[in-house]
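Undergrad: Below are the chains, spelled out letter by letter.
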Amino acid sequence: MTASWQLYVNEKEKIDALLHRGYVICEVTESLEGATVIFSHPTATPIQEVLTVETADARKYFSSLLVHSVTK
Amino acid sequence: LVNVSDNFREVECGLTDVEASDEANRCLYCYDAPCITACPTSINIPSFIKSIATTNVKGAAKTIMTANPIGASCARVCPTEELCEGACVLNHSSKPILIGKLQRYATDWAMKRNEPLFKAGEPNGRSVAIVGSGPAGLSAARELARFGYKVTIYEAKSEAGGLNTYGIVSFRLPPYVSLWEAQQVKALGVTIKTNTAVGKDIAASELMKQYDAVVIACGMSHVPMLGIEGETLSGVHDAIRFVEQTKTEPLSSYVGKKVAVIGAGNTAIDAATCAMRLGADSVKILYRRTVEEMTAYHFEYEFAKQEGVEFRFLTSPQKIIANERGEVKELECVRMTLGEPDAKGRKAPVAVAGSEFTMDVDIVIKAIGQTRHHALIEAFGLEHHHGVVAIDQHTLQTSVANVFACGDVIFGDGQGEAMVVSAAQQGKVVANSIHQRLASRQVTTH
Amino acid sequence: LVNVSDNFREVECGLTDVEASDEANRCLYCYDAPCITACPTSINIPSFIKSIATTNVKGAAKTIMTANPIGASCARVCPTEELCEGACVLNHSSKPILIGKLQRYATDWAMKRNEPLFKAGEPNGRSVAIVGSGPAGLSAARELARFGYKVTIYEAKSEAGGLNTYGIVSFRLPPYVSLWEAQQVKALGVTIKTNTAVGKDIAASELMKQYDAVVIACGMSHVPMLGIEGETLSGVHDAIRFVEQTKTEPLSSYVGKKVAVIGAGNTAIDAATCAMRLGADSVKILYRRTVEEMTAYHFEYEFAKQEGVEFRFLTSPQKIIANERGEVKELECVRMTLGEPDAKGRKAPVAVAGSEFTMDVDIVIKAIGQTRHHALIEAFGLEHHHGVVAIDQHTLQTSVANVFACGDVIFGDGQGEAMVVSAAQQGKVVANSIHQRLASRQVTTH
Amino acid sequence: MADLRTNLAGITSPNPFWLASAPPTNSGYQVQRAFEAGWGGAVWKTLGEPIINTSARFAAISFQGKKVAGFNNIELITDRPLDVNLKEIYETKKRFPHHAIIASLMVEPKQEKWHEIVKRVEDVGVDGLELNFGCPHGMAERGMGAASGQQPDLVQAQTTWAKEVAKTPVIVKLTPNITDITVTARAAVNGGADAISMINTINSLMGVDLDSWQTVPSVAGKGAHGGYCGPAVKPIALNMVAECARHPAIAVPISGIGGVGTWQDAVEFMLMGATGVQVCTAAMHHGFSIVEDMIDGLNNYLEEKGLASVSELIGKSVANYSEWGNLDLNYRTVASINTDVCIHCNKCHIACEDTSHQCIERKIALDGTPFLHVREEDCVGCNLCSIVCPEPGAIDMITLPYEQPPMTWNERQTVLATYKGK
Amino acid sequence: MADLRTNLAGITSPNPFWLASAPPTNSGYQVQRAFEAGWGGAVWKTLGEPIINTSARFAAISFQGKKVAGFNNIELITDRPLDVNLKEIYETKKRFPHHAIIASLMVEPKQEKWHEIVKRVEDVGVDGLELNFGCPHGMAERGMGAASGQQPDLVQAQTTWAKEVAKTPVIVKLTPNITDITVTARAAVNGGADAISMINTINSLMGVDLDSWQTVPSVAGKGAHGGYCGPAVKPIALNMVAECARHPAIAVPISGIGGVGTWQDAVEFMLMGATGVQVCTAAMHHGFSIVEDMIDGLNNYLEEKGLASVSELIGKSVANYSEWGNLDLNYRTVASINTDVCIHCNKCHIACEDTSHQCIERKIALDGTPFLHVREEDCVGCNLCSIVCPEPGAIDMITLPYEQPPMTWNERQTVLATYKGK
Ligand SMILES: Cc1cc2nc3c(=O)[nH]c(=O)nc-3n(C[C@H](O)[C@H](O)[C@H](O)COP(=O)(O)OP(=O)(O)OC[C@H]3O[C@@H](n4cnc5c(N)ncnc54)[C@H](O)[C@@H]3O)c2cc1C
Ligand SMILES: Cc1cc2nc3c(=O)[nH]c(=O)nc-3n(C[C@H](O)[C@H](O)[C@H](O)COP(=O)(O)OP(=O)(O)OC[C@H]3O[C@@H](n4cnc5c(N)ncnc54)[C@H](O)[C@@H]3O)c2cc1C
Ligand SMILES: Cc1cc2nc3c(=O)[nH]c(=O)nc-3n(C[C@H](O)[C@H](O)[C@H](O)COP(=O)(O)O)c2cc1C
Ligand SMILES: Cc1cc2nc3c(=O)[nH]c(=O)nc-3n(C[C@H](O)[C@H](O)[C@H](O)COP(=O)(O)O)c2cc1C
Ligand code: SF4
Ligand code: SF4
Ligand code: SF4
Ligand code: SF4
Ligand code: SF4
Ligand code: SF4
Ligand code: SF4
Ligand code: SF4
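Protein chains in written order, with the numbering used here: chain C, 1 to 72; chain Z, 1 to 446; chain D, 1 to 446; chain U, 1 to 422; chain G, 1 to 422.
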């Protein structure tokens, strides 16, 4: 059993990596499998990356970033 | 037995929060509870236990101390089996509530907080002198102060508390407990003049003159003589003095010593267990009568056996025999038998002819009762019977109008019980009597 | 002491329904509970206590008796402070759960109902002989019967139960308890041939021939000689025989007698308290070493003191002195001191030269251990060390292939504990070992 | 001594402890004994057309051997004529002018019935009225009590009728057997109620006798649902009080009822918005004297907190109460085990292992002693271990520093909505 | 050994003890441990769109020092993706083919959502479905759980949608936060439910911390109502089960939930009409092993009663349950005190004196010992004294011979109606 924390860290790292590379979240769809998050980048290739975010903590994480950026 | 002073730490430990809560929640909160009736000071036991259950520990402590100004000491030394706990209805279905321990839990809390629990009454301009700061004197003082009297206690010793401070062994009642009780009384404005013996440092007549009323709460005195040969040898002790030393002086080791304690009352038990805890090899309690007649409480008897004290019933000392250095070496005893019951139904012990025998002992501790403060009592001109002050049963007034008496000084001749809790109750009664008397006088004179 | 036989009624009373429910509801039902680990038979204690809490008393009794076929006796005689209760986590926060008393509550219920709690297994055609119907033998028999073996117990005495029936004082363990346990075993089809001593009424070799396996559970024998003068005088007793008499013959009064018990193990305590309850004037336990080295359990020591037994440590008997009628009159003793620790760290007691003294006694009871059934052990050809049968620690198999041993017969030399509960556990282990051995043989032979 | 006097919509009493309308307030004899014992007020046993009760009315459940964790009854309103009750109310009020006497009323949902009874009880000098729309059995079947209390329009209409003639404050007592208590509370407010009280009892069946297979209680072999009250219902009552207190449209004082047995319960109800409390079961279990520790404990608490008056408590925690959607998802708490205090029962371990997040590990220290270790990163802070832990202080729930700033579900959903795909 | 197997609308399990949908059934690891421990079935933690939980989710109340008399949570449904759950369900079912695994479901009230999830969970081999219309917080605010469960039409519609595609039995789990549970139960039946289960948790607030004045639990200083469960809610649940069981229009099996912690609780629920029970709080408090005594105690009870199968219990007490109007007003019971057994706590006296009918008198016997005397003629048989009495057997409630033949309130009113004046 992979500890649930580790699953979250894995997902978070993927999110962070994309953001670090300049991608921004442009679309979020929640479903029975969690959240499908579409990242886009104006210049990089590919211009879109899609992540399925499964863990609750990671779903909380990316939405926190969104809420935070909106309120800022 | 490495460190004797460890042996003089309090034996019983207080209840933990969990234990106190469990126990408090076990109480039924009886209506017109028999435990209350059985407590000489009528503490509202279900009420204070309920307060512990609701974590209103301050309320619990106040309920206790209101009814019993000596409630912290009583929580430790009351013969609860014979009193409150003995009357608990749960004796009939499981185990009685540990009332004493819960009382200790609440009063320990109050001691730790050390806030004054009570306020002095509006001063009423009257003054009362109290002779003795034992349980009886302190209790009377606390109540009188709450009624608004100006109270002065005269105390011969250097600390207040009476036998609670000096007489009951530390491992059952550490001195800080009675000192806290005295402190609570002082906080109400009561003056305690220590190191002041009435009849010596101040005359009885002086007190009668200076105060509107006088309370005699001087307790009893030292242990009387046995009247046998060898009583003045080195190694023969007065039990009360002996215990007092363990509470006031550095502890001396009794390792290797063989001790005989003469008598089987509360004092004998305290002295015997003290001797054990000082490291004695063996401690024997010698008593003329049988286990049935012994005045020590059941719990004391059990405690003493647990501590390893041995009992020799129907055994009477005849002579203390010295070694060449004038120290105790042997005790000659004689076996007794119980004769026919006398008028009071008490069987007198009779020596069995030719049954003399000796036992090896190094220490003899006398614990055959206490003598009376005859001189003091007579200085106040009080009627008494062999030093037991005569009083009106209800008011505790003595033969002298404004002099009242309470505590051990009125114990004896089948009158009362020599207990801390009854001394406390009598102190309250005296305070009430004085208040009734002086208050009514006020009405007539003004 | 009017009626001595009253003194031999069980001292402890069972829990009332209310007490049992309160106590059962106090258990935390720990996970992987330390009390279970501390019980040699690993009774699932939280489980049976939970069952008591839900009034599933039958379930509780079954849980207990499944793990421990001697569970009713153990509920009364286990040194619970050292075992289950000593490990209860509530020792750290309030008071441990009264596991023994709850166990007794459940097993008393089962005894009163007296339904068989278990069923014998499907007969497997194999047979086992067991020598001795004490805790070890009964436990092995119960388990083997549940596995489907045909079991025959040979018992020298007229009743089953071993020391539980004959050796442990009635006021701690009345005989009906162990007889019920034996009855439960018989109900599974086990044959108990009483009055049949192996080696006398039937030869060891006969057993080895007739049965697929043999279990040696004969315990230990009588108390050895002290090897001092006067040991055969009238008034000198073997502690085990002495206690046995109180369980099997009309009680004789010891009023006025002064008793010395030599030794300070479990047997000494039982003998000493027995003597007290027979009315003895005084009972002294004499022990060569100090309270620290004493093998009696703490609770036994406390109990003995409570009963009024006196202890004389560092005291060794030298000679028993007779009166003119050849009865015990005095015991000459010598004081001991503890020497340097030996290899095992045990300090040997050394006599203090010139410290001899005598004490007046009427009765001397020897309780300095038990001798071994050497002859029987050798008749089976078993390896042993001073009568302690050598075994494989895991299987309890002896040096002879199909012979297993359990209980006191394998106790000694630092091996095991002489306790009812460990005998019960070893009986289970033996049964399992036999089953594994014979079952696997079945596979290979058929 | 702190000031314990309370004023609920104009009804004053020496302390906030009232007896609820129930058997303890059945007669003048009882209410007078109660006032002597220290109770601040009493809501008289509901008046109306006198009924007939069954024998075998009450039942209770124990919890782990402790009696009366919950209580239940199939009793109806008063079975005594109105005149008798009014005479006793009059006498009691005369003896105790400063104590609050509130008349509980229940009549058929007809205007003239309400007018009549309100006038008659006010004539004898009550301090206020409580309209009982709550009794869940018996009366309900006659269209009264809960049956009308479950219909907002009837609640409003009847309140209006009572208010039309009432000169004293009108309290409306609500039934908890309702989907949303704030709906009936608002109906009461709309009808003009000066205050609301809650809760009455909850529909329940205490148990079945395992030997006779009859319900408990059983009337000649038959049972019917009764009303549940006592300590067990407190969390339900507390929530209903809190929901009303925080509702902007319900701006009237609240009298809190349901499971109050100690001064602590009272403090909680008051912090959550009640102006005072009413008690039934606790008094029935132990008698009137329980009010002594309630008063004393409340006073000691206020003194300890440095509050001069009990009214300073009212509603102080209401602002902390909200909807789930307003809770902060980024708040993090984790369990921390104090090995020194822990008694090694392993209850926390098995609770977390079997029924939470498998993050309390059993380990062995170098010296061989066992200890428990919380894998903090996997701990979700559910609180379970600290709830089951029997040893006070062995488990602390500690707050972790924020990794992300606070964010509620509502905030999250608002933002995500703007990112929604088609 | 009695036969403990149960069959609820076609779902079979080795015994009637299921774990309710809640944290204990959150994962395959846990459910497998539970089956190993002896549980007969498990309703998987509710599946749906995975949510985010708060930290600090649970709270509990103690009663007289005994922990977890009631439990409370603000947790939502599963926070794990459906696929993960389905994989674990599949594996668990493979390992334990004879144990019941029921998938609890909650999705938005849309037909296609229900179709999708039902198909997906049935694909992995569950034995049945439970539609969760009960969760009282969080989900309700999103129009799910209780919010839809409180509207009979939505209950019926969603049940219908699930049934349209379901191949396994559909259980509808009802919320107790409702005025009348039989209304939603009937809606479920009308929608085609094969069975109903109840209760989910009850809206509640566990308490307020007297030092911080924050609610318990508190999430960053804020609280919200949670769902109440555990021993305290049993009487509420038992009544709801019984009301459904005795309702002629609700003729489907019932799975009883709410406060079940012992075999006795299970027997009571089954006698009152449940086919089996579900457990959450008791398992969270003590771990999975509690099922051992449940099984053992149930078996011993059945053997004692001479019943071969647990199913013989089902519904046996339902006929004894009725409305108040059908109770016999002429049945008479009175208290009788056994002086020998009485321990003289006087609790019965003061309870009757202060809060009932003042008919237990304190007397003194000729030998000076006190005893209590019930004035039978004034005793109304309320049971209070016997409830508060701490000593088993000290008070018996004895049935008196009828003075008048039985008469119920309904009978009385019918007759009186014909005598009505104008
Ligand atoms: C060893 C021992 C153990 C006991 N154990 C218990 C027990 O376990 N439980 C229990 O309830 N009771 C016990 N008692 C009894 C109990 O201590 C007394 O009953 C109680 O202390 C009596 O209180 P009192 O105030 O009357 O007298 P005391 O406590 O004796 O106080 C009298 C005070 O008066 C002072 N005094 C005397 N003469 C004068 C004077 N002339 N001028 C000024 N001051 C004077 C004394 O110095 C003393 O301080 C025990 C007594 C003893 C001796
Ligand atoms: C006085 C006393 C008090 C004790 N108190 C406790 C206590 O409080 N708690 C505790 O746990 N333990 C106590 N013990 C120890 C405990 O009784 C033993 O450890 C236990 O009984 C050992 O069980 P066993 O089956 O091995 O032997 P035993 O109980 O001795 O049983 C052996 C049986 O074998 C029979 N036997 C012997 N030889 C033959 C033969 N040749 N043929 C046939 N049968 C034979 C004997 O008659 C006897 O019935 C006490 C022991 C004594 C003596
Ligand atoms: C036996 C009994 C009778 C009751 N009768 C009434 C009543 O006549 N009118 C009323 O408004 N409430 C009545 N109640 C409800 C109580 O007033 C109160 O609302 C409820 O018991 C909750 O409080 P508690 O938990 O303190 O008992 C009754 C309750 C009980 C137990
Ligand atoms: C923490 C917790 C979470 C729960 N989650 C769910 C859930 O996801 N789905 C559901 O149907 N019920 C859920 N419940 C309700 C339980 O299944 C059950 O109905 C309720 O707890 C009553 O049973 P009990 O008294 O045995 O706990 C939850 C209960 C608790 C305590
Ligand atoms: S003062 Fe003594 S008798 Fe009174 S309640 Fe306290 S311990 Fe019991
Ligand atoms: S008698 Fe016992 S149970 Fe009753 S109030 Fe007193 S202490 Fe509590
Ligand atoms: S058998 Fe003995 S050690 Fe084991 S649980 Fe019972 S009393 Fe404790
Ligand atoms: S250790 Fe103590 S509390 Fe824990 S299960 Fe064992 S008996 Fe119960
Ligand atoms: S708070 Fe919850 S998740 Fe964390 S350790 Fe405790 S039980 Fe486990
Ligand atoms: S529940 Fe508490 S006491 Fe028990 S092991 Fe865990 S931390 Fe320790
Ligand atoms: S049943 Fe009720 S009325 Fe009768 S004596 Fe008991 S409490 Fe009083
Ligand atoms: S409540 Fe029970 S035990 Fe107490 S006095 Fe009444 S009958 Fe006796």
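Keep in mind that the hints were calculated from the coordinates and are not lab data. One thing to keep in mind: the hints can contain errors.
[Stated by the list, open to error] With a straight-line Cα cutoff of 30 Å, these simulated DSSO-like cross-link-like pairs (lysine-lysine) come out:
(1) Z:K200 to Z:K101
(2) Z:K319 to Z:K329
(3) D:K119 to G:K305
(4) D:K62 to D:K157
(5) D:K150 to D:K200
(6) U:K66 to U:K222
(7) G:K163 to U:K66
(8) U:K305 to G:K420
(9) Z:K258 to D:K62
(10) U:K67 to U:K119
(11) U:K113 to G:K305
(12) Z:K157 to Z:K95
(13) U:K222 to U:K67
(14) U:K66 to G:K305
(15) U:K119 to C:K14
(16) G:K167 to G:K113
(17) U:K363 to G:K420
(18) Z:K319 to Z:K258
(19) D:K257 to D:K329
(20) G:K316 to U:K316
(21) Z:K112 to D:K157
(22) D:K101 to G:K67
(23) D:K62 to G:K222
(24) Z:K329 to D:K258
(25) C:K12 to G:K113
(26) D:K200 to D:K258
Undergrad: State for each hint whether it applies.
TA: Okay, the hints, checked on the actual structure:
Note on K200 (chain Z) and K101 (chain Z): the hinted pairing is violated, with a Cα-Cα distance of about 41 Å set against a maximum of 30 Å. Between K319 (chain Z) and K329 (chain Z) the alpha-carbon distance is near 11 Å, which keeps this suggested pair within the 30 Å criterion. The suggested pairing of K119 (chain D) with K305 (chain G) holds, with an alpha-carbon distance near 21 Å, which does not exceed 30 Å. Annotation: proposed proximity of K62 (chain D) to K157 (chain D) holds, straight-line Cα distance about 29 Å (limit 30 Å).
Straight-line distance between C-alpha atoms of K150 (chain D) and K200 (chain D) comes to about 23 Å, which keeps the hinted pair within the 30 Å bound. About 27 Å separates the Cα atoms of K66 (chain U) and K222 (chain U), which keeps this hinted pair within 30 Å; it holds. Between the alpha carbons of K163 (chain G) and K66 (chain U) the distance comes to roughly 45 Å, so the proposed pair goes past 30 Å and is violated. Taking the CA atoms of K305 (chain U) and K420 (chain G), the gap is near 62 Å; set against the 30 Å cutoff, the hint is violated.
Of the pairs offered as hints, the one joining K258 (chain Z) and K62 (chain D) is violated, with about 54 Å between alpha carbons and a cut-off of 30 Å exceeded. About 42 Å separates the Cα atoms of K67 (chain U) and K119 (chain U), which puts this hinted pair outside 30 Å; it is violated. Between K113 (chain U) and K305 (chain G) the CA atoms are separated by roughly 54 Å; this puts the pair beyond 30 Å, and the hint is violated. Simply put, K157 (chain Z) and K95 (chain Z) have alpha-carbon atoms about 41 Å apart, too far for the 30 Å limit, and the pair is violated.
Our distance criterion of 30 Å between C-alpha atoms is met by K222 (chain U) and K67 (chain U), whose separation comes to about 24 Å. With a C-alpha separation of about 28 Å, the suggested pairing of K66 (chain U) with K305 (chain G) holds against the 30 Å cut-off. At roughly 75 Å between alpha-carbon atoms, K119 (chain U) and K14 (chain C) are farther apart than 30 Å, so this suggested pair is violated. For the suggested pair K167 (chain G) and K113 (chain G), the alpha carbons sit about 17 Å apart, so the restraint of at most 30 Å is met.
For the suggested pair K363 (chain U) and K420 (chain G), the alpha carbons sit about 80 Å apart, so the restraint of at most 30 Å is broken. With a C-alpha separation of about 16 Å, the suggested pair K319 (chain Z) and K258 (chain Z) falls inside the 30 Å cut-off, and the hint holds. Of the pairs offered as hints, the one joining K257 (chain D) and K329 (chain D) holds, with about 11 Å between alpha carbons and a cut-off of 30 Å not exceeded. Our distance criterion of 30 Å between C-alpha atoms is broken by K316 (chain G) and K316 (chain U), whose separation comes to about 50 Å.
Between the alpha carbons of K112 (chain Z) and K157 (chain D) the distance comes to roughly 64 Å, so the proposed pair goes past 30 Å and is violated. A distance of roughly 24 Å separates the Cα atoms of K101 (chain D) and K67 (chain G); the hinted pair therefore holds under the 30 Å criterion. Taking the CA atoms of K62 (chain D) and K222 (chain G), the gap is near 50 Å; set against the 30 Å cutoff, the hint is violated. A distance of roughly 24 Å separates the Cα atoms of K329 (chain Z) and K258 (chain D); the hinted pair therefore holds under the 30 Å criterion.
The suggested pairing of K12 (chain C) with K113 (chain G) holds, with an alpha-carbon distance near 29 Å, which does not exceed 30 Å. Taking the CA atoms of K200 (chain D) and K258 (chain D), the gap is near 39 Å; set against the 30 Å cutoff, the hint is violated.
Violated hints for the displayed structure, listed by number in ascending order: 1, 7, 8, 9, 10, 11, 12, 15, 17, 20, 21, 23, 26.
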